[in-house]
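Based on the hints, put chain B in the right spot on chain A.
There are 2 protein chains.
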Amino acid sequence: MSTDTVPPSSAENLPSTAPAATPEQDADERVESRSGYTQPVIDVAELTALLDGKYAEVRNLVRSNLAEHASVLEDAETMSRDDYRERVKDLVVEMAATGQTGMGFPEEYGGGGDIGASIAAFETLAYGDLSVLVKVGVQFGLFGGAILQLGTKPHHDAYLPDLITGKLMGCFAMTETGHGSNVQALGTVATYDVATQEFVVTTTREDARKDYIGNAAKHAEVAVVFAQLEVGGKSEGVHAFVVPIRAKGKPSEGVRIEDDGLKLGLNGVDNGRIWFDGVRIPRENLLNRFADVTPAGVYESNIENPNKRFFTMLGTLIQGRVCVGGGGINAAKVAITIATKYALRRRQFEATRDDQEELLLDYGLHQRRLFPLLARTYALHFMQELVSSSLHDVLSGTQSSDGSDDHGQRELESRAAGTKALGTWHATRTIQECREACGGAGYLAVNRFAALKADTDVFTTFEGDNHVLLQLVAKGLLTDYASDFEDMDQLGMVRFVTNLAVETVIEKTAVHKLLERIKDVLPGGDNWDQEAGLLDPDYQLAMLRFREEHILSGVARRLKRGIDNKMNPGEVFSRVQDHVIAAARAHVERLVLEAFVAKTRDLPDGDLKVALNLLCDLHALCTIEADRAWFMEHGRLSSTRSKAISREIGSLCRKLRPLADDLVDGFAVPAPMLRSPDLLG
Amino acid sequence: MSTDTVPPSSAENLPSTAPAATPEQDADERVESRSGYTQPVIDVAELTALLDGKYAEVRNLVRSNLAEHASVLEDAETMSRDDYRERVKDLVVEMAATGQTGMGFPEEYGGGGDIGASIAAFETLAYGDLSVLVKVGVQFGLFGGAILQLGTKPHHDAYLPDLITGKLMGCFAMTETGHGSNVQALGTVATYDVATQEFVVTTTREDARKDYIGNAAKHAEVAVVFAQLEVGGKSEGVHAFVVPIRAKGKPSEGVRIEDDGLKLGLNGVDNGRIWFDGVRIPRENLLNRFADVTPAGVYESNIENPNKRFFTMLGTLIQGRVCVGGGGINAAKVAITIATKYALRRRQFEATRDDQEELLLDYGLHQRRLFPLLARTYALHFMQELVSSSLHDVLSGTQSSDGSDDHGQRELESRAAGTKALGTWHATRTIQECREACGGAGYLAVNRFAALKADTDVFTTFEGDNHVLLQLVAKGLLTDYASDFEDMDQLGMVRFVTNLAVETVIEKTAVHKLLERIKDVLPGGDNWDQEAGLLDPDYQLAMLRFREEHILSGVARRLKRGIDNKMNPGEVFSRVQDHVIAAARAHVERLVLEAFVAKTRDLPDGDLKVALNLLCDLHALCTIEADRAWFMEHGRLSSTRSKAISREIGSLCRKLRPLADDLVDGFAVPAPMLRSPDLLG
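Residue numbers (my numbering), protein chains in the order written: chain A, 5 to 685; chain B, 5 to 685.
Same shape as in the complex, but just chain A (with noise of 0.2 angstroms):
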């Protein structure tokens, strides 16, 4: 419970007399001292248990170990680059013996045999240092998940055990110079050799050279490294390849290994370059869940289509995308904790009062700064606790199966794309806000925000490019519409788009589905939403659903209209591009406002779930806002009501003014990982 005083721009402090306002421009105020609203007192307890949800456990190992080893935020200011690489190994060797790094591995390897507690263990992680948080996801999730995911029990049985434990060290080679978010033009060749049953793994050109791949420079004896397989002289697509490129320090014979240097930040983790030149691996290193080569170097998968093949691949790789959505998250709290509590404590100018400054969180517009971002935090939070729910569901159901497609599979990877992108900005959004709203204290280091914005930074673009992965959703959102194409290849949105969804989704009449399901997106007739209350959650919802497939056949519409208008294709891409990404946006911006009032709808009756509900209807209508333009520009606002949402915005901020602090402490981030001795005091 917050120990302050009740503030001056609470609502109690209203005058008592109703002014004699104009009827709409004080709409706000008297709702408010006419409503009967009672404050709620929240229970920081039952929050923090209702956000940690079934995990609370694994999550709460996760916060004393980060409470233990607290000193690590220190030691990266203040140890030399490569000191404090070796302190981040070290931890994360520490951390994996208390069983939180392995969560997600079968137990008969010495792993935990959850996989939602694997990610709520590493979401908790990012509330502390990010380069112990992006090593352990290179080495359990990227290099682990390739092993298990990728490859058969001999691979397991070789590399699971020790892996898991964090003696051996792997990293997953995926990305080139040249190539990052379109694989499937990799440069790196793995050819068989028949004669000596080896694959021959070879950089065929400088941009082919691996590069950004976290333990790479310094740690990682082995690579899991991804390759065009060739046999036979011909090639079979990218394939995964487990390639020792490291003894005893020293790189293996054939392998040249480069340090990427000093980054912008999570410079705990050694990210470099790696070149094969001619590197002869066994034919057994082929991670071959879904592809092999006999040794006659006969190709062999029990799928057929090479699209549908590497698409299935990288389809079990989503792990990362989930934990980076949620490290991004959870590391946007702890900003949004540490500019809370400073605007509780700091004051600066009389306002209300002459003897006494203001609280920086009385101020209208720094309530307006802050309190979006914190409803925000919370609404991505349930969406990410459905993504993880829904992975864990997925991969514990089909882990020994043969990786065939479905829809749910598709629906999780759209899911877990966009949750990530919105996560990731999200954090880089808040953090830069926070920083600024604790001013010059917010720019030294000791503070936390110089370690947070710089090591979030690349989120918005590892295990994907946010903007890419936007396209993938709506890759998505339009095949749902046509028929499966189970076969596309996952990333190459751009000729999928130019060509399939145009030749095909447009063929097939889905632009006029599209136009028909619009109509039905309103529950209460065409016009029910100029009159629904704002609060109202249908209301909500169906304005966000509206706006979704409304661009979204928007986009259709014009793909189609390019089309026949004989316009090259990638033109009419680079033209629609901009919608298709707001299409996928408005998706995500859907689901999560979904995910949020879902949550607080089967809540019990309380004084929780009428803060939640605040904080609710505080992200519902700051996301219509946002893009309230577009509403009015297609009728579904008018001015009126539009400034009307803008007020109540401001209403429920005063509203939650006096349940801010409560609020941050729900995340229960350990006090050691706030630091902040001159903000917090």
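It is possible that part of the hints are untrue.
No copy labels: a pair is met if it fits in one copy or bridges any two.
[Stated by the list, open to error] Taking lysine-lysine pairs in the BS3-like style, the calculated list, with each CA pair at most 27 angstroms apart, reads:
id, residue 1, residue 2
1, Lys647, Lys564
2, Lys171, Lys254
3, Lys659, Lys564
4, Lys659, Lys647
5, Lys659, Lys570
6, Lys647, Lys570
7, Lys613, Lys58
8, Lys647, Lys222
9, Lys252, Lys238
10, Lys58, Lys647
11, Lys564, Lys222
I should point out that these hints are in silico values taken from the structure, not numbers from a laboratory.
Only chain B this time, still in chain A's reference frame:
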């Protein structure tokens, strides 16, 4: 000139037969093909000459100094913090020897006697290492500026010659831990001791320690200290004193200094904290241009009103804000240059052809991400040119005056504050977007974004928090409608709005005056704006003028209503605060567009004018588009027209695509300042 082949998305490659488009949907495409638009050819040298303006020579001096010392960019990454600080200090002294840092001081002391040149030099320095920039700003702008502007001939004689060469290092000790924005509430006290004719400087409480003071931790021997002057038991408000703080590397007696430690960026600058424990300085150390204390202990000032006196003193330090704004804008130029050139080299995904991947800059989305930022960089550059030219005139004209206030001075302060706020936020946003647009490569320190992002981050805070500055701008707007309030506390905006603005502005029926003015804003009558051409600068400017006037009158109306309703003035302010900020922002946005329009209008007909008109149109329409919801809410934009603006922006982006390389080359950022071997190849 760009050597790229004409991209597929440029205007020329449109289908030669006009498509059978609906009137609304494809209006832009038809205009493009029918208008006979000829792509201009840019003479880069001519463009650079235009941007450099009358100070081309000094800008080129700085460019060559930067190139000569380019290794500091790498030193910033490889050196220890201590060594880097020394390196930066040495570099500042070396640059001082070339004359570039002393342009703003009188010639008789070894300066250049040209304020405008000094700002041009400072801005250009922002192409390089920003610790060097900020150290220069602290030494010559803040410390030197305070001696020059607040001191009199004895101070000039005593300090200017050595500070101009960098032999005497100083700092500017205004901010305290407890007070950054609210300078009038500083807790440091200087008491006059008539017996010894000395001032006794004391830190009266812990949060009154000076904090974040550049140059303080290591190099400054002298500080200009802002403290509450007490004479004969009476407090006379904040004044500035010269206090020796360090000799031969050791703190002076009674002075305690602490290092602020690692910061988010700018680690080549030694920021620190200072405590004073009864430090005695001679009476003559009061910087006495505006007020003095006689030996007998009588306080004297030509400016009777204490608020006006304080305001006048701070007003003389305006140069710092102009410099920081220019620094931010020029740092943005570095980022946009790198991102644009990378996008002209980097290919990803086959889009228009099967045999070659597409250049990033040929994607519509990528153009949409970068070009509005490029256009805004130009717009802010021209605004900054106006502000610094106006500063030059005011300071050159009034340097020896008594600092009496006038409309021109207040207007300059307002414009400096607004340009600083918009310029530094633009830097933060542009650098972030450009980093993301360069993907993982953008995350490597060698590719410049790490330093740009970290070092500029605090620009939005120092020399006045941007939100506080915009409130200062708003104050100026409101006072313009009422009467002169030269005696207002400059930074005490909150109290101003809650007291004077409400009581005076409104009582004088300024609201009515405001509402009348709005009607005069549209040049062609009430509905003219619905039919004017989108590319008509008069239309664009009228839109921004209308918005400015309307928001401003709304603020006044809301203030009045609150007071009429007997609400607490602090609460009234809290509720109207976001409108106050919006009014200020709308005002500055209008000025920025006016600056850009005026610049392009003055150009002789020719290709350069055509090119800059495209940029200016893009900037204007993006500014309207960003707030199109507001324009629709207030009846100044139909939804049809709003959508037309978005389409026109797409069309302008396609026209600018072939010009992009030249447009960034025009900034003439020296190649060694770009570094980025991975990005620029």
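Taking the hints in turn, this is what the structure says about them:
Taking the shortest Cα distances, lysine 647 and lysine 564 sit within 27 angstroms of each other only across copies (20 angstroms), while inside one copy they are farther apart (36 angstroms). Taking CA atoms no more than 27 angstroms apart as the test, lysine 171 paired with lysine 254 passes inside one copy only; the shortest distance there is 17 angstroms, against 50 angstroms between copies. In this assembly of identical chains, the alpha carbons of lysine 659 and lysine 564 lie at most 27 angstroms apart only when taken from different copies (24 angstroms versus 48 angstroms within one copy). For a Cα distance limit of 27 angstroms, the shortest separation of lysine 659 from lysine 647 inside one copy, 19 angstroms, qualifies, whereas the shortest one across copies, 36 angstroms, does not.
With identical chains, the CA atoms of lysine 659 and lysine 570 are at most 27 angstroms apart between copies only, with a shortest distance of 21 angstroms across copies and 56 angstroms within one. Taking the shortest Cα distances, lysine 647 and lysine 570 sit within 27 angstroms of each other only across copies (24 angstroms), while inside one copy they are farther apart (43 angstroms). Within a single copy, lysine 613 and lysine 58 get their C-alpha atoms as close as 19 angstroms, which meets the 27 angstroms cut-off; across copies the closest is 64 angstroms, which misses it. For the identical chains of this complex, lysine 647 and lysine 222 are neighbours neither inside a copy (57 angstroms) nor across copies (53 angstroms), given an alpha-carbon limit of 27 angstroms.
Proximity of lysine 252 and lysine 238 under a CA criterion of 27 angstroms is satisfied in neither setting, with 36 angstroms inside one chain copy and 75 angstroms between copies. Taking CA atoms no more than 27 angstroms apart as the test, lysine 58 paired with lysine 647 passes in neither setting, with 41 angstroms inside one copy and 47 angstroms between copies. Taking the shortest Cα distances, lysine 564 and lysine 222 never come within 27 angstroms of each other, neither inside one copy (51 angstroms) nor across copies (66 angstroms).
When the structure is compared with the earlier hints, violations turn up for hints 8, 9, 10 and 11 and for no others.
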